[in-house]
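Please take these sequences and the hints and turn them into a complete structure.
2 protein chains.
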Amino acid sequence: MSGNHAGDLTEETVFTWGAPPLKFGAGACDEIGFDLAQHGARRVLVITDPGVLALGIPHRVADSLRRYGVTAEVFDGVHVEPSDASFAAAVEYAESQGSWDGFVAVGGGSSIDTAKAVNLLTSCPGELMDYVNKPVGRGKAPDRPLKPLVAVPTTAGTGAESTAMCVLDVLSMKVKTGISHWRLRPALAVVDPLLTMSLPPEVTASAGMDIVCHAVESYTAQWYGRFERRAPEERVTYCGSNPVSDLWCEKAMSLIAKSFRRAVHEGADDVRARTDMIMAATFAGMGFGNAGVHIPHANGYPVAGMVKDYRPRGYPQDEAMVPHGQAVSLTAPEAFRFSFPAAPERHLRAARLLAPDKEELADPAEQLPQVLIDLMRDIGIPNGIGAVGYGESDVPALVPGTMKQQRLLATCPRPVGEEEITRILLNSVQNW
Amino acid sequence: MSGNHAGDLTEETVFTWGAPPLKFGAGACDEIGFDLAQHGARRVLVITDPGVLALGIPHRVADSLRRYGVTAEVFDGVHVEPSDASFAAAVEYAESQGSWDGFVAVGGGSSIDTAKAVNLLTSCPGELMDYVNKPVGRGKAPDRPLKPLVAVPTTAGTGAESTAMCVLDVLSMKVKTGISHWRLRPALAVVDPLLTMSLPPEVTASAGMDIVCHAVESYTAQWYGRFERRAPEERVTYCGSNPVSDLWCEKAMSLIAKSFRRAVHEGADDVRARTDMIMAATFAGMGFGNAGVHIPHANGYPVAGMVKDYRPRGYPQDEAMVPHGQAVSLTAPEAFRFSFPAAPERHLRAARLLAPDKEELADPAEQLPQVLIDLMRDIGIPNGIGAVGYGESDVPALVPGTMKQQRLLATCPRPVGEEEITRILLNSVQNW
Numbered sequence: 004m005s006g007n008h009a010g011d012l013t014e015e016t017v018f019t020w021g022a023p024p025l026k027f028g029a030g031a032c033d034e035i036g037f038d039l040a041q042h043g044a045r046r047v048l049v050i051t052d053p054g055v056l057a058l059g060i061p062h063r064v065a066d067s068l069r070r071y072g073v074t075a076e077v078f079d080g081v082h083v084e085p086s087d088a089s090f091a092a093a094v095e096y097a098e099s100q101g102s103w104d105g106f107v108a109v110g111g112g113s114s115i116d117t118a119k120a121v122n123l124l125t126s127c128p129g130e131l132m133d134y135v136n137k138p139v140g141r142g143k144a145p146d147r148p149l150k151p152l153v154a155v156p157t158t159a160g161t162g163a164e165s166t167a168m169c170v171l172d173v174l175s176m177k178v179k180t181g182i183s184h185w186r187l188r189p190a191l192a193v194v195d196p197l198l199t200m201s202l203p204p205e206v207t208a209s210a211g212m213d214i215v216c217h218a219v220e221s222y223t224a225q226w227y228g229r230f231e232r233r234a235p236e237e238r239v240t241y242c243g244s245n246p247v248s249d250l251w252c253e254k255a256m257s258l259i260a261k262s263f264r265r266a267v268h269e270g271a272d273d274v275r276a277r278t279d280m281i282m283a284a285t286f287a288g289m290g291f292g293n294a295g296v297h298i299p300h301a302n303g304y305p306v307a308g309m310v311k312d313y314r315p316r317g318y319p320q321d322e323a324m325v326p327h328g329q330a331v332s333l334t335a336p337e338a339f340r341f342s343f344p345a346a347p348e349r350h351l352r353a354a355r356l357l358a359p360d361k362e363e364l365a366d367p368a369e370q371l372p373q374v375l376i377d378l379m380r381d382i383g384i385p386n387g388i389g390a391v392g393y394g395e396s397d398v399p400a401l402v403p404g405t406m407k408q409q410r411l412l413a414t415c416p417r418p419v420g421e422e423e424i425t426r427i428l429l430n431s432v433q434n435w
Numbered sequence: 004m005s006g007n008h009a010g011d012l013t014e015e016t017v018f019t020w021g022a023p024p025l026k027f028g029a030g031a032c033d034e035i036g037f038d039l040a041q042h043g044a045r046r047v048l049v050i051t052d053p054g055v056l057a058l059g060i061p062h063r064v065a066d067s068l069r070r071y072g073v074t075a076e077v078f079d080g081v082h083v084e085p086s087d088a089s090f091a092a093a094v095e096y097a098e099s100q101g102s103w104d105g106f107v108a109v110g111g112g113s114s115i116d117t118a119k120a121v122n123l124l125t126s127c128p129g130e131l132m133d134y135v136n137k138p139v140g141r142g143k144a145p146d147r148p149l150k151p152l153v154a155v156p157t158t159a160g161t162g163a164e165s166t167a168m169c170v171l172d173v174l175s176m177k178v179k180t181g182i183s184h185w186r187l188r189p190a191l192a193v194v195d196p197l198l199t200m201s202l203p204p205e206v207t208a209s210a211g212m213d214i215v216c217h218a219v220e221s222y223t224a225q226w227y228g229r230f231e232r233r234a235p236e237e238r239v240t241y242c243g244s245n246p247v248s249d250l251w252c253e254k255a256m257s258l259i260a261k262s263f264r265r266a267v268h269e270g271a272d273d274v275r276a277r278t279d280m281i282m283a284a285t286f287a288g289m290g291f292g293n294a295g296v297h298i299p300h301a302n303g304y305p306v307a308g309m310v311k312d313y314r315p316r317g318y319p320q321d322e323a324m325v326p327h328g329q330a331v332s333l334t335a336p337e338a339f340r341f342s343f344p345a346a347p348e349r350h351l352r353a354a355r356l357l358a359p360d361k362e363e364l365a366d367p368a369e370q371l372p373q374v375l376i377d378l379m380r381d382i383g384i385p386n387g388i389g390a391v392g393y394g395e396s397d398v399p400a401l402v403p404g405t406m407k408q409q410r411l412l413a414t415c416p417r418p419v420g421e422e423e424i425t426r427i428l429l430n431s432v433q434n435w
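Line by line, the protein sequences are chains F and L.
Take my numbering: the final residue in the first sequence is number 435, and no numbers are missing along the way.
Take my numbering: the final residue in the second sequence is number 435, and no numbers are missing along the way.
Calculated from the structure, these hints are not laboratory results.
Check the hints yourself; a few may be wrong.
[Unchecked claim] Okay, the calculated beta carbon distance ranges per label pair:
#1 F/K261 - L/K177: 46 to 54 Å
#2 F/R426 - L/E236: 55 to 63 Å
#3 L/R265 - F/L174: 25 to 33 Å
#4 F/S99 - L/A345: 51 to 59 Å
#5 L/G228 - F/L364: 37 to 45 Å
#6 F/L174 - L/D273: 51 to 59 Å
#7 L/D273 - F/L364: 53 to 61 Å
#8 F/E84 - L/G228: 34 to 42 Å
#9 L/D273 - F/D366: 58 to 66 Å
[As the list claims (entries may be wrong)] Some chain L residues close to chain F (C-beta under 7 Å, calculated; not the full set):
#10 V17
#11 T19
#12 G21
#13 P24
#14 L25
#15 G28
#16 A29
#17 G30
#18 A31
#19 E34
#20 Y313
#21 F341
Computed from a predicted model, the values in this text were never measured in an experiment.
Just so it is clear, CB atoms sit at the ideal spot from N, CA and C, and this is done for glycine as well.
Here it is as structure tokens:
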């Protein structure tokens with residue numbers, strides 16, 4: 004099958020973008036029964052984790068389903084930071100319980116990503132590794148429509164409700180990778196800010212830094228027109244920053260500027276701040292899910308994956324972990340110092356959107372890093388990778404984990420290799 | 004089936020939004036074969052009108068389909084300003100030629116709307132009037148997925164590639180109405196600015212005014228939270244202005260400010276201006292397709308429908324017509340004078356986005372109308388409904404046609420009745 008007519012063009016002229024339909028607002032999660040009934044669903048599996056189950060939201064969703072004549076069951080076996088093994092367990096459960104004609108994911112990124120995988124593997128033939136991104140898997144495209152999946156985020160962070168990908172650890176290969184295809188995109192994102200009112204301040208802060216990184220990394224990602232032209236069959240989900248992802252990221256940054264600090268410090272009572280933050284999360288997902296993220300997220304993989312004994316406040320204390328939003332943000336100030344020269348105007352504009360009142364610094368490369376540091380200090384994010392247990396001597400062990408994320412590093416607007424990643428990690432041991 | 008949990012809320016807290024996936028850029032239209040093959044399509048009908056057929060674009064699309072092993076046929080019988088009769092003829096043709104597993108619409112709003120109807124009526128049981136909006140039709144929801152429809156706009160105007168509705172004249176009832184349902188939304192919008200390079204200046208100007216009205220009417224539409232709370236089964240496609248439609252409309256207005264005049268006056272050579280204008284059209288569709296339009300579009304129905312002998316330059320001279328973009332914009336200055344008090348800040352911000360350098364007028368209600376008048380004069384839009392053949396004595400005959408558009412008038416931020424419409428039409432006989 005040959006390429007395209009415009010075969011004489013050598014630079015990229017095309018970008019792609021997609022987003023799920025959105026139902027947003029207080030009470031939206033009580034309408035899911037209607038929405039899935041409209042999709043023709045009669046028997047639906049609600050997929051969640053035990054922590055979210057305890058909050059009662061999955062059963063509230065199941066009630067909404069039953070009110071519209073839809074049979075609902077709840078699976079609460081989602082594993083935080085899912086893996087090929089935890090995906091397999093969820094798929095096995097779903098298959099053992101008969102056939103489903105719709106799914107609802109209730110929770111953070113782990114629940115939504117697990118539901119995407121369950122939907123894929125119960126709708127299409129083949130096994131997980133057929134669909135996992137190359138080179139880890141075989142990168143096969145699903146060849147038929149999946150069942151309708153409604154995604155209901157309960158944290159304001161990952162934006163997984165907006166994206167067409169899921170992330171997993173492949174345990175045997177000790178690598179974090181994903182599945183990316185437009186068919187994985189939820190049929191509907193139901194975003195109800197009231198579900199986030201009770202998030203602890205520490206979780207609000209960490210998850211919010213994930214939003215910040217999504218928005219700023221996408222906004223500073225390589226411009227789509229600067230890649231080499233791709234044939235249609237070579238196009239990827241992450242096509243670089245573009246006029247549509249910019250819209251969403253800019254708005255997400257403005258919402259963060261307005262409401263992030265209040266959501267952390269007064270979130271239990273401030274519906275407006277919670278509304279802005281979950282809107283920012285969904286909007287950033289509409290952006291980065293198409294543009295892509297770069298160095299901070301690539302570094303986040305080893306920073307979370309090689310954790311020693313860090314136990315963050317506000318999280319369960321039974322196992323060591325670096326929350327995803329901390330892992331991706333701890334190297335962000337230094338990463339944006341590095342990427343600054345490739346797109347100075349974008350870095351400065353991101354800084355202005357995130358902190359409209361910040362004074363102009365003498366060194367423009369320092370503007371965005373300082374805006375991020377001000378924010379991180381105000382909301383209690385640890386001071387660099389040193390504060391979550393890594394010293395300078397750990398850096399050489401972290402670097403290969405970052406370098407494996409070539410799909411993300413390719414989105415960086417400035418070429419980046421081992422040497423640059425080493426320097427960024429070293430300079431991120433302490434951020435202020 | 005009962006309502007929802009949040010039944011104690013009396014004001015609306017929920018908005019909805021949806022958009023097709025987008026492939027945008029020079030050469031995008033040569034990739035449609037790949038995209039429809041990904042959707043599993045094997046036999047596809049390309050739907051267009053004779054004017055667009057003569058430009059060669061539909062056959063170029065058919066070639067792209069064949070390169071990916073997809074059988075393609077072309078139907079060029081689309082009627083400009085489609086009706087129940089022209090929809091029926093297109094459906095009859097499609098059905099007589101066997102079964103299709105995908106459609107491509109190539110053209111303006113008429114072709115895209117006709118393809119939506121053909122897709123609906125060849126995918127679902129029942130007849131046209133089952134699906135037409137109440138009270139004209141029975142307002143039934145399609146109960147199954149339609150076939151994938153790829154929409155390829157060739158004018159920068161209607162934004163029909165972005166929306167989940169189609170508009171038609173019901174000839175026997177002499178009324179213009181539509182079908183609105185999320186299943187009608189194209190599976191993919193392929194927006195290729197190079198397809199618009201040869202549009203004549205007059206067509207560029209009229210179609211562009213449709214974009215302006217989409218963006219400004221949506222942006223000034225009643226805020227979604229000011230409607231009474233709806234049960235899920237009562238929600239409509241047009242939910243009022245909201246944070247997502249605002250994003251798209253604001254960007255559309257900025258693109259118009261930058262490039263509309265250049266697209267009209269230098270469009271044959273100015274790829275950048277053409278790119279901005281077709282992006283503005285698609286973006287405005289992403290906005291108004293969810294928020295809704297109000298008085299100017301409601302007036303556009305009788306102004307176009309009751310045409311006497313106006314024959315605009317740049318259009319075929321064989322029949323009298325008021326181009327859609329003229330019909331909807333000729334009463335816009337006066338309509339926005341009327342709606343101003345209901346949302347002054349939004350009207351002023353729209354004026355600033357459309358004309359950042361315009362001086363501030365003493366009367367703020369005059370700012371947006373004057374910005375529109377400056378633009379209309381610069382690009383050669385007729386001076387009011389008087390210039391397309393209507394005098395003051397015609398106004399009483401026009402009013403009922405506007406009043407039939409209650410679905411649109413309900414979106415106006417200020418209550419509007421016959422008296423107000425009469426005054427708006429009278430004051431729009433001459434705009435400057």
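Could you check the hint for me, namely that F/K261 and L/K177 are 46 to 54 Å apart, CB to CB?
-> holds (50 Å)
Per the CB criterion, is L/V17 less than 7 Å away from chain F?
-> Given a least distance of 4 Å, the restraint on L/V17 holds.
Does the nearest C-beta of chain F fall within a distance shorter than 7 Å of the C-beta of L/G21?
-> holds (4 Å)
Does the nearest C-beta of chain F fall within a distance shorter than 7 Å of the C-beta of L/Y313?
-> violated (37 Å)
Closest C-beta approach of L/E34 to chain F relative to 7 Å, hint status = This interface hint holds because 4 Å falls under the 7 Å limit.
Interface restraint verdict for L/G30 against chain F (beta-carbon cut-off 7 Å) = At about 3 Å, which falls below the 7 Å cut-off, the nearest Cβ of chain F leaves the hint on L/G30 intact, so it holds.
Is the hint on L/G28 kept, meaning its closest Cβ partner in chain F is under 7 Å away?
-> holds (4 Å)
Interface hint for L/A31, Cβ within 7 Å of any Cβ on chain F | OK, holds: L/A31 within 7 Å of chain F, min 5 Å.
Going by Cβ atoms only, is L/P24 closer than 7 Å to chain F?
-> Interface hint status for L/P24: holds (4 Å vs cutoff 7 Å).
Taking the beta carbons of L/R265 and F/L174, is their distance inside 25 to 33 Å?
-> violated (57 Å)
Range agreement (Cβ of L/E236 with Cβ of F/R426, hint 55 to 63 Å) = holds (58 Å)
Should the hint that L/F341 touches chain F count as held when the rule is a Cβ pair under 7 Å?
-> violated (29 Å)
When the structure is compared with the earlier hints, violations turn up for hints 3, 7, 9, 20, 21 and for no others.
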